[in-house]
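**Q** These are the residues of each chain, in order.
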Amino acid sequence: MEVPEGLKYSKEHEWVLVEGNVAIIGITEYAQQELGDIVYVELPEAGEKVVKDDAFGVVESVKAVSDVYAPVGGTVLEANDALPDSPETVNDDPYGDGWMIKLEMSDKDDLKDLMTAEEYAEYVAQQKGEDEDEDDGEEEEEEDEDEKK
Amino acid sequence: MVEFGGWEMPVQYGGLIDEHMAVRTRAGLFDVSHMGEVEVRGAKALDLCQSLTANDVSRIKQGQAQYNLLLNENGGVVDDIVIYRLEADHFFICVNASNTDKDFEWIRRRAGDQAQVEDTSSRYVQLALQGPLAEKILQRLTPLGLREIKPFHFAFGEVAGIHCLVARTGYTGEDGFELYCDPAEGERLWNALMDGGKEDGLKPAGLGARDTLRLEPAYPLYGHELDDSTTPLEARLEWVTKFSKGSFLGRDALVKQKEQGVKRRLVGLEMTEPGIARGGYPILKQGETIGRVTSGTKSPTLGRAIAMGYVRTEHSEVGSPVEVEIRGRAVGARVVALPFYRRRPVG
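Just so you know, the sequences run in chain order A and B.
Using numbering that gives the first Met the number 0, count along the first sequence one by one with no gaps and you end on 148.
Using numbering that gives the first Met the number 0, count along the second sequence one by one with no gaps and you end on 346.
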């Protein structure tokens, strides 16, 4: 499980790269693995306001629709325009070409709630442990029982 | 893994798209032991089956299977099922897992002393070996002449030394087999098939792929395209409904509906703008709601966003432009012919 140093991480499995007042945001290796093959990405446009902890985008796998939550608030400077045409980039390179948006942060205090790489790695390990204990797994959005024909 | 009605079910083993494409191009193996089995036997077993279902069960002989529907008095679908005729007076019915108790009670209550009805779900493991290479893989493991088992036919025989019911049936739109055996032998059968199929690229496949594989050939899924208030005439299953066979539960209601015309119809949809329609999303025509999506995904085989859903009959014509409401936005789509995918005939 790749958890690069130098990034900040949220409990919803987003990462943040901070450059001055600008935050670059994407989803983590763990998140993309849990989602499976990503086939659709929907992102906000430049100029849109994003509120911390609110959904700012959507990723869809073949099976499920999942929101992507803003680990910090601010104004969108740029969205990764390559993703709608090649959403699989999020699977292939979640910390690189699979980045989602660049934000002008409205409050740098938002960063205080985020985890370091080390903390996040531990958090994921814990979640995996819980999954195994409960046996029924992950925080999947699709609780669609009927589909198991 | 997900839990489903007491069953631990794998959604995917590797990646869903890989599993899906393995079934389309080579072969995949599914553990579908959650499916229920109900057996009906006795001198009046055929009459009972005939009276509770839409299709003509008298048309199948021993060794044959049939897609069929259990109907209620309103013509609504209690379940969609496959009936195997084991003996002249012994029928083995494969039902949807979530409907097993309902179906068993439904049949048992109406059987009276006409026939014996038994829920034998716990006595079978069911594995589905599906894909163009399924026959080749299975043939290496069985003395049965698989060529002789035509679609919707079955035989009893040994697979890897394990006694099985081997049926040429499936739910993927590909050629393939469904195998039923004693649960004590289930793991051994699974391993024998996986080992035997290795050289042909056989992959284990989960519920996720099972759902996308059935959606492309537009097979209905109970709880999505079918339920107790949906009739076969609405669901494009008129071909299953044999009015000519005589009386059956729901027949009167269906005759009436046929005369009056259905108010809504199941259609195929393809998105014409970016977005994926999902079950439950409203279908619109110029802003007005005309129906609802029942299943939708991005088709791994076709690379396009496809869906099925019910719309008011006047909007069901192929080519009709509609919209699907996705997260509050009306996104362009159009009605297309079903199925989305049809396998090439085997040469």
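Honestly, I wouldn't trust all of these hints.
Now the stretches of chain B that chain A is said to cover, found in silico as 3 or more residues with beta-carbon under 8 angstroms [what the hints assert, rightly or not]: (1) 13 to 22; (2) 54 to 63; (3) 269 to 279; (4) 295 to 309.
Think of the hints as simulated: they come from the structure by calculation, not from any bench.
Heads up, the beta-carbon is just placed ideally off N, CA and C, and yes, glycines get one too.
**Q** Checking each numbered hint in turn, tell me which of them this model violates, lowest number first.
**A** Number 2 only.
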